Amino acid sequence: MCQHHHDAPLRSANADLQEIEKKMDRRRFLTKTSLGIGSLALGSLMGMEKIFGQSKSGIPPITDSSMGLGDLPHFVPKAKRVIYLFQAGGPSQLDLYDYKPKLRDLHGQELPDSVRDGQRLTGMSADQSSFPMTSSAFNFKQYGESRAWVSELMPHTAEIVDELCFIKSMQTSQINHDPAITFFQTGHQLPGRPSMGSWLSYGLGSDNENLPAFIVMISKDAVRDQPLYAKLWGNGFLPSQHQGIQFRSGKDPVLYLGNPENYDGNDRREMLDYLKSLNEVQLNTYGDPEINARIAQYEMAFRMQTSVPEVTDLSKEPDWVYELYGEGSRDPGTYAANCLMARKLIENDVKFVQLYHQGWDHHGSLPNGIRNQCQKTDQATAALIKDLKQRGLLEDTLVVWGGEFGRTVYSQGTLSPDNYGRDHHPRCFTKWMAGAGVKPGFSYGETDDFGYNVVKDPVSVHDLQATLLHLFGIDHERLTFKHLGRRYRLTDVEGEVVKGILS
Numbered sequence: 002m003c004q005h006h007h008d009a010p011l012r013s014a015n016a017d018l019q020e021i022e023k024k025m026d027r028r029r030f031l032t033k034t035s036l037g038i039g040s041l042a043l044g045s046l047m048g049m050e051k052i053f054g055q056s057k058s059g060i061p062p063i064t065d066s067s068m069g070l071g072d073l074p075h076f077v078p079k080a081k082r083v084i085y086l087f088q089a090g091g092p093s094q095l096d097l098y099d100y101k102p103k104l105r106d107l108h109g110q111e112l113p114d115s116v117r118d119g120q121r122l123t124g125m126s127a128d129q130s131s132f133p134m135t136s137s138a139f140n141f142k143q144y145g146e147s148r149a150w151v152s153e154l155m156p157h158t159a160e161i162v163d164e165l166c167f168i169k170s171m172q173t174s175q176i177n178h179d180p181a182i183t184f185f186q187t188g189h190q191l192p193g194r195p196s197m198g199s200w201l202s203y204g205l206g207s208d209n210e211n212l213p214a215f216i217v218m219i220s221k222d223a224v225r226d227q228p229l230y231a232k233l234w235g236n237g238f239l240p241s242q243h244q245g246i247q248f249r250s251g252k253d254p255v256l257y258l259g260n261p262e263n264y265d266g267n268d269r270r271e272m273l274d275y276l277k278s279l280n281e282v283q284l285n286t287y288g289d290p291e292i293n294a295r296i297a298q299y300e301m302a303f304r305m306q307t308s309v310p311e312v313t314d315l316s317k318e319p320d321w322v323y324e325l326y327g328e329g330s331r332d333p334g335t336y337a338a339n340c341l342m343a344r345k346l347i348e349n350d351v352k353f354v355q356l357y358h359q360g361w362d363h364h365g366s367l368p369n370g371i372r373n374q375c376q377k378t379d380q381a382t383a384a385l386i387k388d389l390k391q392r393g394l395l396e397d398t399l400v401v402w403g404g405e406f407g408r409t410v411y412s413q414g415t416l417s418p419d420n421y422g423r424d425h426h427p428r429c430f431t432k433w434m435a436g437a438g439v440k441p442g443f444s445y446g447e448t449d450d451f452g453y454n455v456v457k458d459p460v461s462v463h464d465l466q467a468t469l470l471h472l473f474g475i476d477h478e479r480l481t482f483k484h485l486g487r488r489y490r491l492t493d494v495e496g497e498v499v500k501g502i503l504s
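Start counting the sequence shown at 2; every next residue gets the next number (my numbering).
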C-alpha cells in the first residue's frame with residue numbers, strides 16, 4: 002500500500018484538530034478552565050456541597066482567591082445566623098433609650114449654637130426661626146442588673162435589657178431616608194451595591210439547600226410613610242442567586258413559585274432539565290457566569306415549592322407561643338407574625354433574616370405616633386429574644402434592632418405642652434444587638450446632655466457592618482468582589498470592628 006494511504010487518516014485527524022483549535026478561541030478556553038468552576042457550582046445544585054460555604058458534612062469550602070474570598074470563615078465565628086429588625090423611619094432615641102434628665106429643666110429653651118455648631122439640618126427644619134428643645138413626654142426607669150434606662154413605651158423590652166447590648170453612639174453621614182437606609186443595608190448611599198445579606202450569602206453560602214440564605218419580610222401593619230425598595234436586599238454586582246427573597250403574607254409567600262393549574266412536579270422537573278441543558282450550551286458558548294446563577298435560581302425555586310409551604314405554616318405553634326409574641330402573631334404579615342416567622346426560619350438554618358417595619362418618621366405628633374409604633378413592636382421584639390434564648394438559639398444567633406438615624410432634641414414645628422415633633426438627626430442615635438458574640442446587659446458609647454453629639458466611643462455605619470461580619474468569622478477587609486476593575490467590599494474603604502462590645 003502506498004505511503005500516502007497510510008498518512009490519510011493522520012492528515013484527516015490533524016485537519017479535524019486544527020478545525021477544533023480554530024473554534025477553541027481564547028474566550029472559550031478560559032470558559033473551559035478558569036470559569037470551569039461554574040460546572041462545579043452546577044453540580045452543587047444537584048446535591049454536591051456549596052461552592053462558597055461550609056457544608057454540614059464538614060467539607061471545607063471551595064474558594065476563588067481571585068474574588069477576594071480566601072478561606073472562609075477567616076477565623077472561628079461566634080454567629081451562625083442574624084435577624085435584623087430594621088425600624089425604618091428613624092426611631093427617637095430620646096423617647097426610647099437615651100435618657101436625658103437635664104432636658105426636663107431645659108424644655109422649651111433654645112438649642113445653644115455651641116451645641117449645634119453649624120451642623121447640617123434637613124430642608125424640613127432648616128428654615129425654622131426657633132429651635133426649642135423638648136424633653137421626652139414619657140417616663141424612664143432603670144431595669145435589670147445592668148440598670149439600663151428604658152422608656153415606659155417599651156415595657157416588654159425592659160424585661161430583657163440584661164440580654165441587650167446598647168450602642169448609644171451610632172453616627173451616619175446620611176440625613177435623608179433613602180440614602181440613609183441604603184447606606185445601612187449596602188454600605189453605600191447610592192443604589193447598586195450588594196446588601197449585607199447578599200455579602201453573607203456570597204461569602205458563606207447556605208446551610209439549607211432548600212431555602213434561600215437571605216430572606217426578607219415587611220410588616221403589613223406598619224404606617225408606610227417611607228417607601229422601601231428591592232435594592233435594599235438586592236445582590237448588586239454579586240451573582241443573582243445571592244439576592245434576598247421576599248416572603249409575603251397570604252396564600253403565596255413567594256411570588257410565581259407555585260405551579261400553574263394542571264401542571265405537576267414531574268412536568269416541572271422535566272422542564273427544568275431541558276432548560277438546564279439549554280443554559281449549559283449557552284454557558285459553554287459565552288462563558289457568562291450569570292448563567293450559572295440563573296440555573297441556581299430555577300433549581301432553588303423547584304426545591305422551595307416543597308420547603309416554603311412547610312416552613313411558613315405556623316398552624317402547629319402552641320398557644321403559649323402566640324401569647325408570648327402577642328395576639329398580632331396570629332395574623333400573617335404583621336410585625337409580630339414576622340418575628341415568629343424569623344425564629345422559625347433560623348431554626349431551618351436560614352442565615353440572614355431581614356425584617357422591615359415602617360412608620361417611625363415622626364416629624365409631628367410624635368407622642369401619639371411613637372406610642373402606636375411601640376404597641377405594635379415592643380412585645381414581639383422582646384418575645385423573639387426570649388424565644389431564641391429558651392430554645393438555645395440566642396447563643397449563635399445575632400439580633401440587631403434599629404433604624405437609619407435618630408431624631409433631633411429640638412422640636413420640628415411648634416412645640417406645645419402636649420405635642421411635638423422631631424426632625425432627622427444623623428449625629429447620634431441608638432441601636433441594640435443581642436446574642437452571638439456581643440456583651441449582654443451592656444451599654445456602649447455616650448452622648449452629651451442634649452442628646453445632640455457623641456462624646457464617647459462613636460460608632461459609624463461601616464464600623465457596625467465590620468463588627469457584624471467579624472461575628473461571622475469574616476475579616477471585612479478580605480471579603481471583596483472585583484467589579485469593573487475595582488475590588489469592592491461591604492465596608493467600602495472604612496470600618497473598624499467595635500471590639501468594646503464583643504464578649
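Treat the hints with caution; some may be incorrect.
[Unchecked claim] In silico DSS-like cross-links for lysine-lysine, where the CA-CA straight-line distance does not exceed 25 Å:
#	residue 1	residue 2
1	K387	K81
2	K232	K390
3	K387	K221
4	K483	K232
5	K79	K377
6	K81	K440
7	K500	K440
8	K377	K252
9	K103	K79
[What the hints assert, rightly or not] Simulated DEER-style distance windows between Cβ atoms:
#	residue 1	residue 2	range
10	P102	Y299	55 to 63 Å
11	V456	R249	39 to 47 Å
12	E281	W321	49 to 57 Å
13	Q129	E328	25 to 33 Å
14	P290	Y257	18 to 26 Å
15	T307	R249	16 to 24 Å
16	V456	R225	48 to 56 Å
17	Q120	D289	27 to 35 Å
FYI, nobody ran anything at the bench for these hints, they're computed from the structure.
Every value quoted in this text rests on a predicted model; they were computed, and no experiment measured them.
Heads up, the beta-carbon is just placed ideally off N, CA and C, and yes, glycines get one too.
Numbers of unmet hints, in rising order: Numbers 2, 5, 9, 13, 16 and 17, in rising order.
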